[in-house]
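Could you build the full structure based on these sequences and the hints that come with them?
Listed below are the residues making up each chain.
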Amino acid sequence: MVILMMKLKLMKFKPFISSIIISFLLISCSDNKLSLSERSIIYCSEASPETFNPQLITSGTTIDATSNQIYNRLITYQGEDNKIVPALAKSWHVTRDGKMVTFYLRKNIAFHQTSYFTPTRTLNADDILFSFNRILDKSHPFHSISGGNYPFFQGIKFNSLVEYIEKINDYTVRFKLRHSDNSFLANLATDFSVILSAEYAGQLANKNTHHEIDILPIGTGPFKFKEYRVGSLIRYYRHDNYWQNKANIEQLVFDITPSNTSRLTKLLAKECDVISYPVAHEKITERSDLKLDSVTSLNVSYFGFNTNKEPFNNKLVRKAISFAINKQALIETVYHGEAEIAHSILPESSWAHNEKILPQEFNLKKAKQLLDEAGYTDGFTTDIWAVPIQRAYNPNAVTMAKLIQADLKKIGITVNIISYEWNTFLHRLTQGEHQTFLLGWSADHPDPDNFFTPMLSCSATNTSSNRTFWCNDKYDQLLQRALQTSNINLRKKYYTQALEILRNELPLLPIAHSKRFQARNKNVVGPILAAFGGINFYPVSKVNISYDNTIKSNNTKKMSVQ
Amino acid sequence: MLIFTLRRLSLFTFTMLLLTILSFSLSFLFPGDSVINLSGEVNATAAQLVELNLEYKTDQNIVIQYFSYLSHVLTGDLGLSMASQSLITHEIAILLPATVELSLVALLIAMFFGIPLGFFAAIRHNKRSDNIILSVAMIGYSIPVFWLGLLAILLFSINLGWLPSAGKISLLFEIESITGIQFFDILLSDSPYKWQAFRDASAHILLPACVVAIAPATIFIRLSRTSMIEVLQTNYIKAAKAKGLSFKQIIIRHAIRNSLIKIIRHVGLQFANLVTIAMVTEVIFSWPGIGRWLIESISQRDYTAIQNGLLLLSCFIFIVHILIDFIYAALNPLARDN
Amino acid sequence: MAREKIYLEEVFPSPFMQHWLIFRKTPVAMIGFACFIFLTILAVFTPVLAPYSPIDGNINMLLLPPAWHDDGNVSFLLGTDELGRDMLSRLMYGSSLTFGLSFVIVIVSLVIGVVIGSLSALTTGIKSSFLNHFLDVILSIPSLLLAIIIVAIIGPSVSNTVGAIILVLIPQFVHVTRYAVKEEFRKDYVLASKLDGASSFRILYYSIFPNIVDRIMSQATLAQSAAILDIATLGFLGLGAQIPLPEWGAILANGLDLFYIAPWTVYLPGLSILFAVVSTNLVGEGIRHALKLRKES
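Residue numbers (my numbering), protein chains in the order written: chain S, 1 to 562; chain Z, 1 to 338; chain B, 1 to 297.
Wrong hints could be hidden among the right ones.
To be verified - Sample of chain S residues facing chain Z (criterion: CB under 10 Å; computed from the structure):
| hint | residue |
| --- | --- |
| 1 | A110 |
| 2 | G231 |
| 3 | E271 |
Claimed, not checked - One side of the interface only, derived from the structure: several residues of chain Z facing chain B at Cβ under 8 Å:
| hint | residue |
| --- | --- |
| 4 | L11 |
| 5 | F12 |
| 6 | V136 |
| 7 | I139 |
| 8 | S246 |
| 9 | A272 |
| 10 | I295 |
| 11 | S299 |
| 12 | I306 |
What the hints assert, rightly or not - Cβ pair distances, simulated, as ranges:
| hint | chain 1 | residue 1 | chain 2 | residue 2 | range |
| --- | --- | --- | --- | --- | --- |
| 13 | Z | G244 | B | K295 | 32 to 38 Å |
| 14 | Z | Q233 | B | L21 | 24 to 30 Å |
| 15 | B | I154 | Z | Q85 | 24 to 30 Å |
| 16 | Z | L6 | B | K295 | 47 to 53 Å |
Hints were generated in silico from the structure; no laboratory data involved.
Note that the Cβ used here is the ideal one computed from N, Cα and C, for glycine as well.
If you want it as structure tokens, here you go:
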């Protein structure tokens with residue numbers, strides 16, 4: 001009887017057992033897939049890009065996704081000292097008075113060939129003219145499509161700086177400036193100054209589908225666009241005719257994963273090779289097959305006030321709130337100690353940083369006093385708009401908002417915390433819907449002007465990168481003067497004066513400067529992060545790490561960073 | 001049979017009517033302009049707005065507005081999603097098959113494991129193994145499915161590294177979506193990595209399907225156990241025993257078949273329950289199905305998506321229900337006089 | 001000498017008492033019942049019992065693991081979350097939200113459902129078949145989906161969740177009551193009362209209800225376990241309790257961000273939900289077991 005029972009049991013489970021065996025066979029026989037994954041990299045990013053053309057935005061997410069991957073610039077940064085080196089332009093010449101800048105272009109630079117465009121010629125001066133005239137010339141056919149806003153260029157007053165661009169011959173371009181400007185070359189080397197294809201633009205104009213230039217992009221970069229699924233993935237293929245050595249990886253996929261835990265889970269489960277803004281650094285460092293990258297990034301995170309709205313148009317209120325926020329606690333909680341308290345918007349590594357300017361004091365009594373003085377003894381209610389995703393300058397703005405909420409409660413201010421999906425968030429901030437906000441800035445180039453102008457200048461209020469809507473003529477004047485002289489000491493003096501104005505007016509409260517982190521699988525080699533600007537996958541390759549830990553390189557060609 | 005069909009058809013029309021009226025009234029209950037809620041055109045210029053108002057006949061009384069809405073729905077125009085500004089019909093056409101795929105695989109797993117276990121428990125009725133199976137089953141349907149999903153990922157994806165934790169398939173494979181059901185699409189595609197993709201897709205569906213399958217499996221265990229116990233106590237089984245058939249023969253030749261008939265009907269009814277559990281599981285495993293989409297739309301206050309997504313989802317569930325009822329009644333005449 | 005009793009009185013316990021006596025003899029059911037009572041006491045008396053506030057955090061005690069870990073602190077028995085809030089207190093307050101609210105939901109939907117169900121059992125004809133159809137439709141949609149739909153319409157918040165789940169559970173009670181009352185109506189003792197001249201209402205109240213109480217209670221435990229899971233799931237999806245209410249599902253969702261740094265913020269709320277649902281189900285099983293035994297004897 002017992003034997004019968006056992007036989008019966010086994011019989012019932014036979015199909016069960018065999019299916020388990022089959023499914024294990026199916027799963028474990030995955031060695032062939034290695035060849036596809038050896039040649040590809042999956043990067044888990046934290047948000048969708050707003051567009052595929054960096055000219056149109058200032059958001060770091062979009063820059064990360066597009067600039068270094070699909071496009072090139074005339075000149076770029078290289079090396080430890082961030083020197084400006086040639087890229088699409090093989091050399092350049094600046095006249096004595098600084099008003100004419102001539103670029104000599106390289107030959108034989110091929111544009112991407114995709115399912116929607118086949119180039120018939122290589123890069124020439126027409127492309128340079130097209131890319132910049134689109135921004136400068138309001139009557140240009142491509143100026144207003146996709147909104148007509150070029151926030152970075154508008155912020156640096158590109159239109160009033162550049163008088164015109166001239167084509168000297170097919171491979172020579174000249175910029176005529178209205179006055180000399182020290183940051184001109186630096187700005188042309190940023191991730192925003194990409195070169196588009198004039199031939200592609202012409203093709204689109206003929207079909208009357210102009211807007212496609214920003215959503216189906218064509219550039220000269222190491223990767224070309226294949227596919228974009230909103231909120232889900234971006235797929236790039238290697239550009240085999242790249243003007244430098246072609247990239248090591250054949251397929252680059254951006255897996256868009258806003259949740260921090262999901263990104264880390266995918267890294268741990270080997271579904272992503274590299275992830276952005278990792279949390280739980282210990283989890284990564286304790287595993288021998290993963291590596292944590294960090295870079296001292298030029299950035300600042302701040303608590304900003306919408307100076308167009310009451311009561312934040314009152315300087316005393318802004319000062320009161322600044323006294324009430326405990327920045328040290330924020331560094332310990334939100335950044336887990338891995339950041340420095342900000343003295344001003346400039347990080348210590350910037351040459352314009354001034355030791356004499358001390359961080360904003362934390363003093364509840366003074367805060368209460370100032371609030372009384374301003375006439376708000378009973379406090380008031382306000383909202384804080386917090387960035388929903390991790391940024392280099394702020395790993396968790398919502399938690400920071402909750403802590404500030406608790407801080408402000410002590411002086412009688414009630415806070416509502418508001419957050420939206422990233423692009424919706426930026427869009428609404430532009431409309432000025434907020435009262436206060438937690439945001440930050442990552443530098444695009446090492447010149448200090450990049451901190452002062454896009455965040456707080458008057459022209460930046462119109463282009464939406466100055467979300468405090470604060471506008472101070474004296475401040476703007478100082479910045480202009482600093483741009484027009486090349487005497488470093490004089491520039492430093494101007495910037496110090498500008499910082500003092502900021503300390504008095506407090507349109508925003510700088511909180512911290514943070515490192516930028518990234519985590520990757522150890523078999524991904526090559527630098528991806530940079531101290532400023534977007535990430536770059538061109539120098540990256542995948543190696544085979546065998547079980548006895550000897551590294552056999554897949555492809556030993558050394559790629560020169562452009 | 002005819003009367004049954006007519007009754008079911010009347011139920012069907014009645015419900016469809018109810019669902020569309022509910023969905024239509026939502027556009028007025030949601031905040032904002034009702035026309036924008038219906039069509040999803042948040043960025044409409046003033047001129048486009050006028051056109052929209054004409055299309056949806058907002059200047060006339062509510063019955064006519066309802067019929068214009070109904071005509072839009074029947075022609076397949078469900079408007080744009082407010083968040084992504086793409087056609088809702090397109091989005092759902094991709095998402096719904098994904099959920100169906102997950103639910104079907106989970107249903108199969110639940111049946112495959114639940115029914116035999118239930119039979120086994122019935123045969124060992126009131127003995128130790130019966131009680132063990134019942135207790136395990138009880139924990140199975142008491143556990144919150146989202147927590148179970150997280151634990152499963154922790155164990156199988158991270159600690160053991162056996163199965164992936166998110167998505168339908170590795171992003172490196174580019175499989176064109178023809179039918180929407182991934183496994184068919186892979187077989188139909190001409191990618192050189194066909195078989196690897198198939199293996200990869202199976203690995204991706206295994207964990208979420210198992211997580212979804214646990215609660216229904218426990219229900220099947222109970223159902224089959226009850227059914228088998230009932231069958232074992234019937235007279236014809238006693239007669240077979242008296243005739244001298246061995247236990248094994250009784251079970252295989254008579255008991256299983258008769259018990260199965262009683263269960264099949266419930267299998268169909270469980271489908272709706274499964275789809276709901278699948279919706280929550282999709283959020284955990286980032287499975288690109290309609291559940292995750294709907295829940296995201298609710299968080300983002302995408303009213304058009306909520307309205308029309310709900311309509312489609314409820315219709316779908318109801319249609320499946322009626323179909324199963326129908327098939328069962330066609331097969332089993334006893335069920336028709338319900 | 002006074003003698004207490006000469007004859008043994010025959011005691012005929014009421015059906016309810018009969019069930020209770022059988023219930024008492026099942027050890028597993030009694031364990032479940034004890035846990036159930038424990039949770040109820042917790043839900044009611046939490047403001048008195050909890051050591052800390054569930055909303056204000058202690059900035060110096062962030063992300064503390066539970067006391068049995070090396071880095072733990074005995075005064076924060078189950079650890080703290082990322083804002084320094086004590087997990088134990090949050091879970092205790094959460095019991096009044098997840099468990100306590102489920103209790104309230106069941107009682108409200110029970111009362112409404114039974115009333116509607118018994119009234120509808122008395123009616124016949126078109127009204128009855130209309131109600132039949134309507135119930136069929138609602139019952140074919142799973143409770144969680146219906147709750148999500150309702151919350152999608154009226155917006156996410158705890159009170160809306162409660163309302164939605166009440167609306168969703170009422171049809172179940174209506175169905176069970178209708179079925180049970182209709183079944184009892186066919187029995188002889190009801191016929192006897194009717195012949196005596198009792199009105200329908202009287203029959204309902206005095207004769208039928210005592211006999212169907214147990215079936216309704218069994219349905220109530222099923223409904224309660226469903227309600228607990230639904231509240232927790234909606235809280236987890238962000239459609240129920242909003243920040244910073246310490247509902248168990250919401251605590252779990254919050255802990256998800258910290259899963260790798262502080263896994264206890266995910267394990268503990270899940271265990272609490274499991275505990276509550278299992279104890280409710282054990283009580284339910286005990287009731288159904290008692291029902292079955294009484295029917296058989």
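Cross-check of the supplied hints:
1. A110: Since the shortest Cβ distance to chain Z is 24 Å, the answer is violated.
2. G231: 7 Å, holds
3. E271: For E271/S, the interface hint holds, since the closest Cβ of chain Z sits about 5 Å away, which is under 10 Å.
4. L11: Nearest chain B Cβ about 6 Å off; hint holds.
5. F12: 10 Å, violated
6. V136: 12 Å, violated
7. I139: With Cβ-Cβ at 7 Å, under 8 Å, it holds.
8. S246: 29 Å, violated
9. A272: At about 5 Å, which falls below the 8 Å cut-off, the nearest Cβ of chain B leaves the hint on A272/Z intact, so it holds.
10. I295: 5 Å, holds
11. S299: S299/Z check passes; min Cβ-Cβ to chain B is 6 Å, inside 8 Å.
12. I306: At 5 Å from the nearest chain B Cβ, I306/Z passes the 8 Å test, so the hint holds.
13. G244/Z <-> K295/B: 32 to 38 Å: 33 Å, holds
14. Q233/Z <-> L21/B: 24 to 30 Å: 26 Å, holds
15. I154/B <-> Q85/Z: 24 to 30 Å: Given range 24 to 30 Å: holds, Cβ gap about 26 Å.
16. L6/Z <-> K295/B: 47 to 53 Å: 38 Å, violated
Hints 1, 5, 6, 8, 16, counting from the list given before, are not met by this structure.
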